[in-house]
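Q: Chain residues, written in single-letter form:
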Amino acid sequence: MFPLPQTWKKLQPLTLTACRMVPVVIPSSSGDWKNMTKAGALLFPRPMQLTDPAQLQELARQVRVDIVEMLYRAGSGHVGGSLSATDLLVALFFARMRLNPADACWPERDFFVLSKGHAAPALYAILARLGFFPREELFTLRQFGSHLQGHPDSKCTPGVEVPTGSLGQGLSVANGLALALQLNKSPQRVYVLLGDGEVQEGQIWEAAMTAAHYRLGNLTALLDRNRLQIDGHTREVMSLEPLADKWRAFGWHTQEIDGHSFPEILAALDAAGKETDKPSIIIAHTVKGKGVSIFEHQVRFHGVTPTTEEYHQAMQELQAV
Amino acid sequence: MGAVSPPTSPHQESTRVEYGKVLLELGREYPDLVVLDADLSGSTHTSRFAKVFKNRFFNVGIAEQDLMGTAAGLALGGKIPFASTFAVFATGRAWEQIRQTIAYGQLNVKIVASHGGVTVGEDGGSHQAVEDLALMRLLPNMTVLIPADGPETRAMVRWAVTYDGPVYIRTSRIPFPVIHPPEHRFRWGRGEILREGRDVTLAGVGLMVHYCLEAAALLAQEGISARVLNLSCLKPLDWELVQDSARRTGGLVTAEEHLVAGGLGSAVSEVLTDCCPVPLKRLGVRDAFGLSGKPDDLLRHFGLTPRHIRAAALEVIQAKRHP
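Chains as they are written, first to last, in my numbering: chain U, 1 to 321; chain S, 1 to 323.
Pulled out of the complex, with its shape left as it was, chain U reads as follows (with noise of 0.2 Å):
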């Protein structure tokens, strides 16, 4: 068993210790990734700057194995969000972000904010992926004593800033720390992740008026627009639409893309980095439970984990690829 969690921030020593030893662990059944993932390409910190479009989704066809690997094997956890959000979170971390895996409290590295917490299944296995652990503790999901607890736990995951799980709260946190970057006259950037249900809470539109009163320049939010809540469609429990128009009304910098096509992520990505003066959003069209034909468009796979049946079907489409 793994060592009962740690708070890395604070510099205790288990947890980062194993990241150091395991820069990154290549797993046994991706030569792709081995090929693209050249000796040069590992040195951190990075920008990654993986650009190619056929690249990126060999690594979130991989990324996807792993969350419902992880998922199956844990037996609970939210499987749809985790799929929906892979893209996204896969172009913002191997293409974007400034990391350093062997170190996860780099000063000068961008920053990441989950706020729908319970796609953490996703950024776990992209963490692991780029180094901050070791991979193999994917499969200690959600067990007594893991460093990867249900919901992020910033207090014990390297490579986690914020606890999150309680919705609509990660927007004002970006807020927080992009105003702190902002005093310090630093071009980091920070990205939060936000899922289309949650924007339901007032605490969402409190923080994007603060954003823009602060003109926060420096703030990316990627809104995960899979159209699905536990409860139902979101048109069904609670209209969000018209999105973008509310957004752009609230004084942000407003892109809708396809969430699911790289070229247009990045491009995005890179829109977004050029304002200086707004925040930004990019609102990201995306498929609930995406990559698995049986998951897609489904309501019940937002808080369910597969079934044996169902795994081995979706284990067996993601690997036919």
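Among these hints, one or two may not hold up.
[To be verified] Which residues of chain U face chain S? A partial, calculated answer using Cβ under 8 Å: (1) N100; (2) D103; (3) G150; (4) V162; (5) S166; (6) Q169; (7) N175; (8) L177; (9) A207; (10) M209; (11) V287; (12) V299; (13) G303; (14) V304; (15) T307; (16) E309.
[Claimed, not checked] Pulled from the structure, derived: some chain U residues nowhere near chain S, Cβ distances all over 12 Å: (17) F139; (18) S154; (19) A208; (20) H213; (21) H233; (22) L243; (23) H253.
[To be verified] Partial selection, computed: residues in chain S whose CB lies under 7 Å from chain U: (24) G73; (25) V161; (26) G165.
Please keep in mind that the hints were generated in silico from the structure rather than gathered at the bench.
Using N, Cα and C, we set each Cβ at its ideal position, and we do this for glycine too.
Starting from the known structure of chain U, arrange chain S on it as the hints suggest.
A: Just chain S now, kept in the frame of chain U:
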């Protein structure tokens, strides 16, 4: 027993005003100190800081949840944020933000909330925080402090800047008589013995500390010797001091501008239950909300005057003799 007029000390200071003043001093000493408010900077006195350090002051508007989240983000970015608004909004409106991000994440956020207790007065029950201490005391990782006067406020805020972790400090609307010397130093996790005594212990927080001293003076006239404690560090509570007082004096009275459930009275009774049950009388608001009125009228209404503390002490002494 004749009426005891509200305390008239030669010198009174307001804890919220002193907070505003010490922030200004600390702003010069700590370049990473930042201050946030939710449209009440004039009342919480963060406006003093705002005028001098414009770029390090963030008003988030009337949005307490966003206030706490933004403060958390600033802490993550290496700043030392002080977030202020009225106690009832800070702890009630934004409790879950404090729980999920600040306390759960052990973030270095200082929440200094003004207008604690019933001495808010005329604004009435909607604005009188009588449950803030309970709400903050519940939270793991949280330190909960209630200064008894101006010097203690300054000492606590100065201490809080140097401490890495979440802290809640409750200040009050009205000025309190000064008990401590100007150079007073705050010690985390420690209570203070302000007056030594054998027969009973009177423990208070905030204004009630002064009232306990007045009650002890009344009791002394009757030949009763009362120990007086300032338990301004409500969490972590000075467990040893409470235990010691129980053993030495055999009975305690607690007094607080707060519900008797969840605040000082609860904290003390938890210690006593665990280690040394002795008679205890808890003075405070009993399962009620505040109401409009002058602070003195409200304190009398809720049984929070030196006279009430004296009467409770006599009951405790009686209970010691005839358990």
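Q: All hints are to be evaluated individually against the structure, with a verdict given for each.
A: Evaluated hints:
Given the 8 Å rule on beta carbons, the hint for N100/U is violated: about 17 Å separates it from the nearest Cβ of chain S. Interface hint at D103/U: violated, since its Cβ lies 16 Å from the closest Cβ of chain S, which is beyond the 8 Å cut-off. With a cut of 8 Å, the hint placing G150/U at the interface with chain S is violated, because the nearest CB-to-CB distance is about 13 Å. Residue-level restraint check for V162/U holds (minimum Cβ-Cβ distance to chain S is 6 Å; threshold 8 Å).
Hint status for S166/U: holds, given a least beta-carbon distance of 4 Å to chain S, under 8 Å. This hint holds: Q169/U has a C-beta 5 Å from the nearest C-beta of chain S, less than the 8 Å allowed. For N175/U, the interface hint holds, the least distance from its beta-carbon to any beta-carbon of chain S being 5 Å, beneath 8 Å. For L177/U, the shortest C-beta to C-beta distance to chain S is roughly 4 Å, which falls under 8 Å, so the interface hint holds.
The restraint placing A207/U at the interface with chain S holds, with a minimum CB-CB distance near 5 Å, inside the 8 Å limit. Annotation: interface hint on M209/U holds; nearest CB of chain S at approximately 7 Å, less than 8 Å. Look at V287/U: its Cβ only gets to about 29 Å from chain S, farther than 8 Å, so that hint breaks. Annotation: interface hint on V299/U violated; nearest CB of chain S at approximately 25 Å, more than 8 Å.
Given hint, G303/U at the interface with chain S, is violated; its Cβ is 19 Å from that chain's nearest Cβ, farther than 8 Å. Interface restraint check: V304/U against chain S, minimum CB-CB distance 24 Å, threshold 8 Å, status violated. Hint status for T307/U: violated, given a least beta-carbon distance of 32 Å to chain S, over 8 Å. About 37 Å separates the beta-carbon of E309/U from the nearest beta-carbon of chain S, more than 8 Å, and the hint is not met.
Against the 12 Å criterion, F139/U stays outside the reach of chain S, whose nearest CB is about 25 Å from its own CB. A cut-off of 12 Å between C-beta atoms contradicts the statement that S154/U is not in contact with chain S; the least separation is 5 Å. Against the 12 Å criterion, A208/U falls within the reach of chain S, whose nearest CB is about 9 Å from its own CB. Residue-level check failed: H213/U sits 8 Å from the nearest beta carbon of chain S, not beyond 12 Å.
With a least beta-carbon separation of about 27 Å from chain S, H233/U lies farther than 12 Å from that chain, consistent with its non-interface assignment. Under the 12 Å C-beta cut-off, the non-interface status given to L243/U relative to chain S holds; the minimum distance is some 20 Å. Every C-beta of chain S lies more than 12 Å from that of H253/U, the closest at about 20 Å, which supports listing it as non-interface. For G73/S, the suggested interface contact is upheld, since its CB lies about 2 Å from the closest CB of chain U, less than 7 Å.
For V161/S, the interface hint is violated, the least distance from its beta-carbon to any beta-carbon of chain U being 16 Å, above 7 Å. For G165/S, the interface hint is violated, the least distance from its beta-carbon to any beta-carbon of chain U being 10 Å, above 7 Å.
Of the numbered hints given earlier, the model fails hints 1, 2, 3, 11, 12, 13, 14, 15, 16, 18, 19, 20, 25, 26; all others are met.
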